[in-house]
Amino acid sequence: MKLFVEVNSKESLQSLLTSNASILVIGLEGFSGERLYSVSFDELENVIQSIHHHHKQVCLLFPYIVLQTQFQHYTSQLTTLTSMNIDFIACGDVGLGYFLRMNNTNSKLIYMNETMIANPFDAQTFLESGYDLITPAMDITYDKKLSFAQKMPSQTLFQICGTHLISTSKRPLLSAYYDVIKTPNASKHVKLREHNREQSYFGLEDDQGFHVFHEQLLVLDHPTFLACDYGYLSSLFVPVEETLHWINLIKSNEFTIENVMKSSSFSAYSGLEETDKGLEAGT
Amino acid sequence: MSVELLAPAGDLLRLKVAFDFGADAVFIGGKAFSLRARASNFTINDIAQGVKIAHERGKKLFVTVNIIPHEDNFEGIEAYLTQLNDIGVDAVIVASIAMGRISKRVAPNMEVHISTQVSAANEHALHFYISLGFDRVVLARECTLEDVRSLVESQIIPIEVFIHGGMCVNVSGRCTLSNHMSLRDANRGGCAQTCRWRYDVRDLMSGQILSKPDLSFTMSSKDLNATPHLKALLEMNVASLKIEGRMKSEYYVASVVNAYRHFMDHHEILDEENQIAQTLYELSKAASRDTFDGFYEKLPHSNSILYGVNGAGVNQDFVGVVRKIDLKTQRMWIEVRNVFQVGDTLEVFGPYHENRQWLVQDMRNEENSELPRAYQPMSLVSLPLITPIEIDEFIRKVTL
Numbered sequence: 004m005k006l007f008v009e010v011n012s013k014e015s016l017q018s019l020l021t022s023n024a025s026i027l028v029i030g031l032e033g034f035s036g037e038r039l040y041s042v043s044f045d046e047l048e049n050v051i052q053s054i055h056h057h058h059k060q061v062c063l064l065f066p067y068i069v070l071q072t073q074f075q076h077y078t079s080q081l082t083t084l085t086s087m088n089i090d091f092i093a094c095g096d097v098g099l100g101y102f103l104r105m106n107n108t109n110s111k112l113i114y115m116n117e118t119m120i121a122n123p124f125d126a127q128t129f130l131e132s133g134y135d136l137i138t139p140a141m142d143i144t145y146d147k148k149l150s151f152a153q154k155m156p157s158q159t160l161f162q163i164c165g166t167h168l169i170s171t172s173k174r175p176l177l178s179a180y181y182d183v184i185k186t187p188n189a190s191k192h193v194k195l196r197e198h199n200r201e202q203s204y205f206g207l208e209d210d211q212g213f214h215v216f217h218e219q220l221l222v223l224d225h226p227t228f229l230a231c232d233y234g235y236l237s238s239l240f241v242p243v244e245e246t247l248h249w250i251n252l253i254k255s256n257e258f259t260i261e262n263v264m265k266s267s268s269f270s271a272y273s274g275l276e277e278t279d280k281g282l283e284a285g286t
Numbered sequence: 043m044s045v046e047l048l049a050p051a052g053d054l055l056r057l058k059v060a061f062d063f064g065a066d067a068v069f070i071g072g073k074a075f076s077l078r079a080r081a082s083n084f085t086i087n088d089i090a091q092g093v094k095i096a097h098e099r100g101k102k103l104f105v106t107v108n109i110i111p112h113e114d115n116f117e118g119i120e121a122y123l124t125q126l127n128d129i130g131v132d133a134v135i136v137a138s139i140a141m142g143r144i145s146k147r148v149a150p151n152m153e154v155h156i157s158t159q160v161s162a163a164n165e166h167a168l169h170f171y172i173s174l175g176f177d178r179v180v181l182a183r184e185c186t187l188e189d190v191r192s193l194v195e196s197q198i199i200p201i202e203v204f205i206h207g208g209m210c211v212n213v214s215g216r217c218t219l220s221n222h223m224s225l226r227d228a229n230r231g232g233c234a235q236t237c238r239w240r241y242d243v244r245d246l247m248s249g250q251i252l253s254k255p256d257l258s259f260t261m262s263s264k265d266l267n268a269t270p271h272l273k274a275l276l277e278m279n280v281a282s283l284k285i286e287g288r289m290k291s292e293y294y295v296a297s298v299v300n301a302y303r304h305f306m307d308h309h310e311i312l313d314e315e316n317q318i319a320q321t322l323y324e325l326s327k328a329a330s331r332d333t334f335d336g337f338y339e340k341l342p343h344s345n346s347i348l349y350g351v352n353g354a355g356v357n358q359d360f361v362g363v364v365r366k367i368d369l370k371t372q373r374m375w376i377e378v379r380n381v382f383q384v385g386d387t388l389e390v391f392g393p394y395h396e397n398r399q400w401l402v403q404d405m406r407n408e409e410n411s412e413l414p415r416a417y418q419p420m421s422l423v424s425l426p427l428i429t430p431i432e433i434d435e436f437i438r439k440v441t442l
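Chains as they are written, first to last, in this note's numbering: chain A, 4 to 286; chain B, 43 to 442.
Rather than coming from a laboratory, the hints here were simulated on the basis of the structure.
It should be emphasised that the depicted structure is a prediction, and the values quoted were computed from it without experimental measurement.
Among the hints, a few may not be true.
[Stated by the list, open to error] The list that follows gives simulated cross-link-like pairs (lysine-lysine, DSS-like), each with its CA atoms no further than 27 Å apart:
#, chain 1, residue 1, chain 2, residue 2
1, A, K265, A, K194
2, A, K265, A, K254
3, B, K254, A, K191
4, B, K73, B, K58
5, B, K146, B, K73
6, B, K254, A, K185
7, B, K340, A, K185
8, A, K13, A, K154
9, A, K194, B, K254
10, A, K111, A, K5
11, B, K254, B, K273
12, A, K194, B, K264
13, B, K58, B, K439
14, B, K366, B, K101
15, A, K111, A, K154
16, B, K146, B, K101
17, B, K340, A, K191
18, B, K366, B, K94
19, A, K254, A, K5
20, B, K264, A, K191
21, A, K111, A, K265
22, B, K264, A, K185
23, B, K146, A, K154
24, A, K13, A, K185
25, B, K366, B, K340
26, B, K101, B, K58
27, B, K94, B, K146
[Unchecked claim] The following residues of chain A were derived to be distant from chain B, with all beta-carbon distances above 12 Å:
#, residue
28, K5
29, E46
30, L47
31, H56
32, V69
33, T83
34, N107
35, L177
36, V215
37, H225
38, D232
39, K254
40, T259
Glycine included, every Cβ here is placed at the ideal spot set by N, Cα and C.
Please build the complete structure, drawing on both the sequences and the hints.
Put into structure tokens, the structure is as follows:
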């Protein structure tokens, strides 16, 4: 399995360069917020060279939608990406993926959206539209993910371990709230907990808006997932030492939810068991 | 080409009301494959009747097939889309590109509109969807007026934008808060609106509580009301202006459609400032939540969130519908919806005349006995005729 591993800081990049990760995932300033270690267009070439120098591949991740005016503002820079030696570009916006494909990008394209591909038919349609890999929806049940992995082990990119995004808003919801309660400089990295529930969630506000992440690690340790060609490790909020530990567990065939938990301060789960409540009048 | 006013309907009654009050097209959900699982939703026979009502008036009917489907949800989709095509549905609104392509294959004459659930926000996304053979894109609600103008001017594909109704606080289609917190799939019609719940906020590093106990953090969005930008949207010639709310009442549908229809029909001749004020006033009579003007002008901030408010209010001002006019006795018969009484000032509104107000001085029941107070829903009461008046016009109480 080739492992995509998110880089979440310049320091963690140094650690991951000497790890067993296959592909390092970085972001681009103006598009990726604080989701990952994000570099400027000017820095990108050097960072790519540095990663390649360590015999690893690069994935540039654009996790959010790109508005028309933002696209127009950056069009010339985005065009330069198509001729750069970027191994993979992961897009959360179909327009960006279409743009890169129509400009004959050298990079393999990944459609990476946490919700939109919840069945193999949509997956196939995206693959036929020029994408090389797709990420199945995070919220489908474990069994449905297994079915996906069995049907298309070479074309799906599952998150094998890590925290994961569960909602994203363009609005600066924390700043807005802090203005109302008159504490404008309070932290933009928070935990949220609904009054009547135990489960907490991570909240993060950056220049792309406000994003909520699951506080538990999602761990897919079934051999079927680990037999796929590619796997993804999401490291936001996670110390790099822990990410390195996951990589070693996978590479030594010891990746189980129990082993992940042994050295983690996080709790873990293997995905939703059902999502069909309240759908009686639906499908 | 004139701009379409597109309204929601949860059942045939509301569909008819939407058309009567000025919608050019109505969108509805079927019993399957549609978000808003808790809306009444239409059987195939209902949809066929809806098509008939629409086409008799020279108007259109769209059906939402806008879940983000799982594999098992595809069962029966081809037959369903074929049925919709056969009964004359003008378009389906899809979020799944696979379902959209199936529709194009089995029902090539029925348009496919790509839902706001996919968050199309740039011209390259529009190119992608037209490359799949789709006919219209409903833009992401995060688009600014400048984004919309640029996308309309690109003339890649007809553009539909939201102008009124409930707003997801998160990017539509990319929120699974409900899935994780209530096991109800937001993208298959089960959204529990967990964004509107109240949350404690703690600093991630120190654990210090940052939220206030008397004013919790929430992600509860105000509703959209794009009236201040309506003239601009009309002048840039978007294909369609959409009102959200398939679960809203007949009164809501009537009031909102009526207000926007009036604006659209008069924006070239009336003073814009007055027209905006008048439309906002009319819309306020049907408001269930506070509103804001969306992303059109600037990035929404605290003015877009409902802090310290529980849910949406129920509007009690709607008191009845005109059902009969008796010229001989010079009385009109009102089907009661909410309580009103002698001494109240009422207002009648409809698509054909300006609003009219009057004081209730005499009210009678079906036995022609004097009635001081009308309180039984769906009962008929008579009032002295006012003119002009039309069957099916709506009556509301005026709060002075």
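- Ascending list of hint numbers which this structure does not respect: Checked against the structure, the hints that fail are numbers 8, 11, 21, 24, 25, 32, 35, 36, while the rest are satisfied.
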